[in-house]
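Trainee: In case you want the letters, here they are:
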Amino acid sequence: MVSKVLTANRLSDGISVWLDAAGNWAESLQDAFVARHAEAVTALEATGKQAFEDNKVVDVNVVDVEEINGTLRPLRMRERIRAEGPSIPYAAGYNGLAGPKHAA
Amino acid sequence: MYRYDEFDHAFVSSRVEQFRDQVGRRLSGELAEDAFKPLRLMNGVYLQLHAYMLRVAIPYGTLSSRQMRMLAHIARKYDRGYGHFTTRQNIQYNWPRLSDTPDILQELATVEMHALQTSGNCIRNVTADHFAGAAADEVADPRPYAEILRQWSSVHPEFSFLPRKFKIAVTGAERDRAAIQVHDIGLHLKKDENGRIGFAVYVGGGQGRTPMIAKKIRDFLPEEDLLSYTTAIMRVYNLHGRRDNKYKARIKILVHETGAEELAGQVEVEFAALKDTELKLPETDIQAIATYFMPPALGNRAEGWESLARWKKTDADFARWVQQNVQPHKHPDYGMVTISLKPIGGIPGDATDAQMDAVADIAEEYAFDEIRVSHEQNLILPHVALADLEPVYRALVAAGLATANAGLITDIIACPGLDYCALANARSIPVAQEISNRFGSPERQAEIGELKIKISGCINACGHHHVGHIGLLGVEKKGAELYQITLGGSGDENTSIGEIIGRGFEPEKVTDAVETIVDTYLGLRRDKDETFLEAYRRVGPQPFKDALYGSAQEAA
Chain A
1 MVSKVLTANR LSDGISVWLD AAGNWAESLQ DAFVARHAEA VTALEATGKQ AFEDNKVVDV
61 NVVDVEEING TLRPLRMRER IRAEGPSIPY AAGYNGLAGP KHAA
Chain B
105 MYRYDEFDHA FVSSRVEQFR DQVGRRLSGE LAEDAFKPLR LMNGVYLQLH AYMLRVAIPY
165 GTLSSRQMRM LAHIARKYDR GYGHFTTRQN IQYNWPRLSD TPDILQELAT VEMHALQTSG
225 NCIRNVTADH FAGAAADEVA DPRPYAEILR QWSSVHPEFS FLPRKFKIAV TGAERDRAAI
285 QVHDIGLHLK KDENGRIGFA VYVGGGQGRT PMIAKKIRDF LPEEDLLSYT TAIMRVYNLH
345 GRRDNKYKAR IKILVHETGA EELAGQVEVE FAALKDTELK LPETDIQAIA TYFMPPALGN
405 RAEGWESLAR WKKTDADFAR WVQQNVQPHK HPDYGMVTIS LKPIGGIPGD ATDAQMDAVA
465 DIAEEYAFDE IRVSHEQNLI LPHVALADLE PVYRALVAAG LATANAGLIT DIIACPGLDY
525 CALANARSIP VAQEISNRFG SPERQAEIGE LKIKISGCIN ACGHHHVGHI GLLGVEKKGA
585 ELYQITLGGS GDENTSIGEI IGRGFEPEKV TDAVETIVDT YLGLRRDKDE TFLEAYRRVG
645 PQPFKDALYG SAQEAA
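In order, the protein sequences belong to chains A and B. In terms of our numbering, the first sequence has 69 at position 69, counting the first letter as 1, and numbering is strictly consecutive. To convert a position in the second sequence, counted from 1, into our numbering, add 104.
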């Protein structure tokens, strides 16, 4: 079976997040809990549905990943870009993925 | 420039407070996503791949320095230090927090800006020629009419839930710089034989998955009938436009299925009933709006001719920039400056907060405080004295904004693509960057001449690929990106939809394919004055197919 992870966007800021093993929404795909059998996928789906209903996240999806030397890699490019950020420098003069310039 | 009256101020402020309440209820869980989504979209807030996206309206692409500074401030305070100017003359921010959006809208309202009707099945931001009010070839300024349409269409109760979104563009010259024939309604401002102002009316153009060139259904509509006739079109569309299938819901499908002549007849029936109602525009109202768009007092600056010639002789880069990025103005002592947002290898349409501030400063000092956004994702200073071109250029160089490529092969339109957009199937920006780098040398660009490349990351065609001289459409095939190439498209007064040239190209091969096309053109053009589009229209696709795929191979 293809391994799967649960992903969504956080309601308050829209940032892409993945469900980790402790049931928290992590900002890195590499922290995601990986479902490797059907029961685990069912549990992921139920967790995602509940989190959506609890208004924690939006756009909830279970996505396919592969594990290469311990690193998770989504099969679809769309999901890889969601996980890694835009494949380009943002704009002339902007330096990296540090996040918003203003304080969190 | 149009200034808000008391009604406008009160209306926009009340909408901000309404949205603040809605966001608060969403974050507290009182409102579910299904209920909230249409509300956020009505205020320009989308959800994209990495974050929310806020699309801010820039009516007919016209901005003051004060407004541009606010856009810079929003980028700095609430986003990641940049914004993206779009093909609809708007700006998008890629990283706002939902919780910040009411504050952003409140700050925008202080400079008479908002995000209303930048999404949803309503009449969207009305676009216009970015050289409006300045172009030497203009019959009349299209912006007063765009503003009248904006006021009329804002939260219009009858047209807020159309079958699908609706886009209107207005141009004021024979040379169409607003791509009116690929809009739901295109208005070409003109004079009749008696010197009266009016419009040729085009209906049913559009791009997307079913590209269509608009049909002209009126050769001359007097200006006083603008709202009654537009209302008549909207009523016919609202009544008969398909609501069963979102892919067939745009007015272009209705025009296609009904036939332009039949549809024009239906419009005329509605129009007859509306013509002499309160929708008839009194001359005094048109004049009142037009006064907001009066050109600045442009004094004679004849000394600019001599100094410009001198500067050009001493600085080849400056001379090249003037040649490419400055267009003739109505006033002979002035020019219209295109500020390219297409640095070689850069992201089409992106500007940092510092660059936006720099443009605001330059416009204030040298350009009568006026800035435009073009649908080609550049900025425009419409009124600059020739005598001031040199200091304007120096200031633009300092801000990294002096790329001399307006209208050339590196002046590429590209949608955000799969790097940001939730609808995209493939990336657009990296493709634009690679092409830009490949053709970036000034000499090579000059040798190629006018050539418009437009790139979309999905069939929705936000990157206008259908009307690119060379169009690139990114698709997903077997989990990988593939780029389909169209040739011969054009979005001007001789609009044409590009033809698919053959099978698509992988990302690592698409720039080579573009180069093959360009080299083929250079080899077959009659002389240096025959542009790519003219040459393509003369010879057709075959030489390009042969060059790309080999004459014996099956191209399709």
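Bear in mind the hints are in silico, worked out from the structure with no lab data behind them. Using N, Cα and C, we set each Cβ at its ideal position, and we do this for glycine too. Among the clues, some could well be false.
Distance condition first, Cα-Cα at most 20 Å in a straight line; then the derived EDC-like pairs of lysine to aspartate or glutamate [as the list claims (entries may be wrong)]: (1) K49/A to E137/B; (2) K141/B to D13/A; (3) K350/B to D138/B; (4) K581/B to E79/A; (5) K49/A to D138/B; (6) K141/B to E39/A.
Residues on chain A that point at chain B, a partial pick, calculated with CB under 8 Å [claimed, not checked]: (7) L72; (8) R76; (9) I81.
Trainee: All hints are to be evaluated individually against the structure, with a verdict given for each.
Mentor: Verification of the hints:
With a C-alpha separation of about 12 Å, the suggested pair K49/A and E137/B falls inside the 20 Å cut-off, and the hint holds. As the CA atoms of K141/B and D13/A are separated by approximately 14 Å, the hinted pair is consistent with the 20 Å bound. Under the criterion of a C-alpha separation no larger than 20 Å, the hint pairing K350/B with D138/B is consistent with the structure, at around 19 Å. Taking the CA atoms of K581/B and E79/A, the gap is about 15 Å. The hint holds against a cut of 20 Å.
Taking the CA atoms of K49/A and D138/B, the gap is about 14 Å. The hint holds against a cut of 20 Å. For a cut-off of 20 Å, the pair hint linking K141/B to E39/A is broken: about 32 Å separates their Cα positions. Given the 8 Å rule on beta carbons, the hint for L72/A is violated: about 17 Å separates it from the nearest Cβ of chain B. A cut of 8 Å between beta carbons decides the hint on R76/A: the least distance to chain B is about 6 Å, and the hint holds.
About 6 Å separates the beta-carbon of I81/A from the nearest beta-carbon of chain B, less than 8 Å, and the hint is met.
The structure fails to meet hints 6 and 7 from the earlier list, while all remaining hints are met.
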